[in-house]
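Enquirer: Please construct the entire structure, taking both the sequences and the accompanying hints into account.
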Amino acid sequence: MSAKPVLIYFVIMNSLAFAIFWGDINRDHRVGKGVEPQILLKLVTIFGGALGSLVAQMVFDLACHKWPLVNRFYSLLWVVIQTVVLSTFVGPYRFFLQAYFSQYRLWLIYLALLNSMTFLVYGMDKFKAVSRKWRIRESYLLVLAIAGGAIGALMGMDLFHHKVNKPKFYLGVPAILALQVLICYYLKENPMTF
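Residue numbers (this note's numbering): 2 to 195.
Note that these hints are calculated values from the structure, not bench results. It is possible that some hints are incorrect.
In silico BS3-like pairs for lysine-lysine, Cα to Cα no more than 27 Å straight-line [claimed, not checked]:
| id | residue 1 | residue 2 |
| --- | --- | --- |
| 1 | 189 | 129 |
| 2 | 169 | 129 |
| 3 | 189 | 134 |
| 4 | 189 | 167 |
| 5 | 167 | 134 |
| 6 | 189 | 127 |
Estimated spans, in silico, between C-beta atoms of each pair [as the list claims (entries may be wrong)]:
| id | residue 1 | residue 2 | range |
| --- | --- | --- | --- |
| 7 | 94 | 140 | 37 to 45 Å |
| 8 | 133 | 168 | 19 to 27 Å |
| 9 | 130 | 5 | 38 to 46 Å |
| 10 | 74 | 38 | 17 to 25 Å |
| 11 | 100 | 134 | 42 to 50 Å |
| 12 | 148 | 10 | 26 to 34 Å |
| 13 | 132 | 4 | 43 to 51 Å |
| 14 | 82 | 187 | 28 to 36 Å |
| 15 | 4 | 130 | 40 to 48 Å |
| 16 | 147 | 20 | 32 to 40 Å |
| 17 | 188 | 23 | 18 to 26 Å |
Glycine is no exception: its CB is placed at the ideal position from the N, C-alpha and C atoms.
Expert: Printed below as a string of structure tokens:
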């Protein structure tokens with residue numbers, strides 16, 4: 002895959018995130034209907050515009066304090082995740098990363114499916130919470146993150162604004178993700194032989 006389309010995609014998404022945030026700051030919130038800019042901004046942030054969102058939050062939000070600190074934390078977390086993804090396609094280590102990831106194709110498929118499922122489960126639980134129906138247990142939500150769905154859990158928490166006020170989620174899920182990355186790194190450096 003060529004690096005140019007990937008770079009263009011990330012430039013467009015980051016520019017779009019910056020523009021949406023800037024437009025939302027200057028918008029009169031008393032009039033108008035339609036899609037809330039915050040929802041659109043979260044989507045763009047998750048799917049490649051994290052750096053643009055973080056820069057806009059730091060530039061424009063200093064005076065009005067519209068976005069809570071947790072949003073900056075999530076934007077920073079997405080910057081790290083997107084940097085790893087971008088490094089796979091662009092940069093001096095791209096061939097090493099592509100070769101490394103090709104060795105673990107089945108694990109990547111497992112993680113992609115599990116993270117997609119985790120994202121959907123968090124969305125279903127938020128929908129059930131809003132409609133005051135039977136809920137999915139918090140322990141099940143955390144087990145999905147522990148099983149490898151931490152990125153999907155973060156996406157669900159961020160996009161659906163779900164469980165973001167509970168410390169075991171807003172601290173626990175990023176900690177689970179960090180621990181999983183450290184374990185993967187350790188296993189790569191110290192392969193187990195049976």
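Enquirer: Hint numbers the structure violates, sorted upward?
Expert: 1, 3, 4, 6, 14 and 17
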